[in-house]
Amino acid sequence: MRVAIIGAGVIGLSTALCIHEQYHSLVPSLEMEVYADRYTPHTTSDGAAGLWQPYVSDHGNLQETLWNKETFDYLLGHLGSPAVKEMGLFLISGYNLFTQPVPDPSWKNIVLGFRNLTPKELELFPGYSYGWFNTALMLECRSYLPWLTNRLTQRGVKFFHKKVESFQEVSGGGVDVVINCTGMRAGELQPDPELQPGRGQIIKVLAPWVKHFIITHDIKSGVYNSPYVIPGSEFTVLGGIYQHGNWNEENSAQDHKTIWENCCRLLPALQKAKIVQEWSGLRPARPRVRLERETIRQGHFQAEVIHNYGHGGFGITIHWGCAMAAARLFGSILQEKKLASPPQPRL
Amino acid sequence: MAAPKVAVVGAGVVGLSTALCVAETCPSCSVTVLSDQFSPNTTSDVAAGMLIPHTYPGTPIHVQKQWFKETFTYLFAISNSAEASEAGIHLVSGWQVFKNTPKEELPFWSDIVLGFRPMSKAELQKFPHHQFGQAFTTLKCDCPPYLLWLEKRLKAIGVQMYTRKVADLWELNSEYNVVVNCAGIGAHQLVGDEKLFPVRGQVLKVHAPWVKNFIRDGDGLTYIYPGIHSVTLGGTREKESWSLSPDPGTTKDIFDRCCSLEPSLRGAQDIKVKVGLRPSRQCVRLQREVLSQGGVKLPVVHNYGHGAGGFSVHRGTAKEAAHLVGECIAALQGSSSRAKL
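Top to bottom, those sequences are chains D and L. Take the first sequence: its letter number 186 is residue 186 in full-length UniProt numbering, and every next letter is one higher. Take the second sequence: its letter number 215 is residue 215 in full-length UniProt numbering, and every next letter is one higher.
If you are wondering where the hints come from, they were derived from the structure by calculation, not from laboratory data. Cβ coordinates follow ideal geometry from the N, Cα and C atoms, glycine included. Be careful, since some hints might not be right.
[As the list claims (entries may be wrong)] SDA-like, lysine to any residue: derived pairs with alpha carbons at most 20 Å apart:
no., chain 1, residue 1, chain 2, residue 2
1, D, Lys272, L, Glu86
2, D, Lys120, L, Pro118
3, L, Lys69, D, Glu123
4, D, Lys120, L, Asn80
5, L, Lys121, D, Leu79
6, D, Lys120, L, Phe108
7, L, Lys99, L, Ile271
8, D, Lys120, L, Lys99
9, D, Lys274, L, Ile228
10, L, Lys69, D, Thr118
11, L, Lys121, D, Phe114
[Said to hold, decoys possible] To be clear about the criterion: a stretch of chain L counts as covered by chain D if any three or more of its residues have a C-beta under 8 Å from a C-beta of chain D, and this derived list gives those stretches:
no., region
12, 181 to 194
13, 261 to 271
So here's chain D without its partners, still in its complex pose (with noise of 0.2 Å):
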């Protein structure tokens, strides 16, 4: 049984392991492939700062509130394996602002120590009269991206570096199951009109002393389009960019003065920082994950896909959530394939 996954951001390698791990003992035959013109540090995930947070209001999707749900869980209880610290995953404090009260978030009792801010608190932050204080995690993908990529690796798990044009490509050459992970450009293999670029950009600082993550909110301007600071183990990224429908991934000088002036506004000791890069980037924006099945048929041949892509701006917050996931339709393709026993009831 071949597995081919197209994409190697958080989402694919993520999808990739999940499904090996549950799967290979129970199919000796499984072999994996993972194809993408684009690997760490190169892709869409190394651009993140790596916070884990949803986004303030869920529109009603409980899907992906549990699937978020599951990924702090999930990296909650790895907090204390020696892996920890090569998988680049840490706790993080900080702050929510805002310019007026707002309905507790769906994720409030997910993250650790949700509180709204004191007054006191908020004499830090002049112009915003409202917030959030809560404990939550970092993941950085220039070290996560890597230590899923060695998991693979040792697993057996090849890769390929080859831009894919389409899934035939990849079906037609004897592969099963197609795990389409492809992000932003998901729609070059099939045409997808409710995936749109939201674009980002950032500026990374050397600022040590800056320890909580500070995201502010803007009702108006709508989410990231205000500005924050997260603090990494290495450099602080600062950001508040988000524009729909721009798929430039070149830096433009007008956000970097956006950025640079609306965060050290927000934190005045920033002006001292060191900027040490900047870089753009387009979050694969979607109404909802799409996280479904298709068979794809053209003349003899059928293939399974998988679709997992339209995470937006929360792909690392939702991204094992949804491996699990994928993970599930796999075990379902496998039962139809009768290819793997059915879980044995318990008497």
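Put chain L on the given structure of chain D with help from the hints.
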């Protein structure tokens, strides 16, 4: 008296902040700092500089609370300004965990730090050996940056600083009108204070930049304090030990205790070991004294004995010491004008 001459002995956090307060409250004074050690070789440089107060058994709680509040307010303003990184002042959040629920669940400083509350069950799961905990946000003064920033502020307002070992306060009598004794553990020898005793602390400073939260065991012996460039792991509280040499067995013990609280520290790099002697006392000696020899008087203001709580109360005690210096000067000016009649 034109331009009263004030000497401050000691250049740790207490000496430098006291000199600054004196210079600020008495612009006509000429202030000089004298010390045998300056940053990075003071006791303050070894400390993590966390604003978590130590309780002095001999000082009324309301006084300690006032000192802490003044210090916290002062540093809070700096942390919020463009100078924060240069001054080495930053906010840090974390947890104080207890193996057994403490008698006093609400320390006197709980309403001064930010967001103080008991830890949730979910938060406590990270600490399987601990039953109770408190979460809060406080400030950290990283040294050397904070001391260097104080030195810069002092130089900017004309305060001179000299490396000089003062063997006896009286030797300053001919050059200075008032002496402020901020000699820390040095006061044991300098003024022969038998009530002052060292509490030896050994710490490790390690590179572990992914540690963003502090963790402190309520027993005060094991703690993890993330600073700007390193994480301070502690520690020990060895009463009456004067040894400044790092002990390798202690190093291993501290590392193991901290890793048990935060397993990811096993990956820490670049481990440096430091030792400091906390200048401990039942209460901070913050008072005036007049030394006299053969009819000549030398007013002294003592400001030492801050033990484990130097950073937490430094600004509050510095201001009180500056006030006492003002009283000394007024008394001198009063007696000199009487002498003129």
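Right, here's what the structure says about each hint:
no.	hint	verdict
1	Lys272/D / Glu86/L	holds (8 Å)
2	Lys120/D / Pro118/L	holds (18 Å)
3	Lys69/L / Glu123/D	holds (16 Å)
4	Lys120/D / Asn80/L	holds (12 Å)
5	Lys121/L / Leu79/D	holds (17 Å)
6	Lys120/D / Phe108/L	holds (18 Å)
7	Lys99/L / Ile271/L	violated (27 Å)
8	Lys120/D / Lys99/L	violated (30 Å)
9	Lys274/D / Ile228/L	holds (14 Å)
10	Lys69/L / Thr118/D	holds (17 Å)
11	Lys121/L / Phe114/D	holds (12 Å)
12	181 to 194	violated (count 0)
13	261 to 271	holds (count 4)
Comparing the model with each earlier hint shows violations of hints 7, 8 and 12; every other hint is respected.
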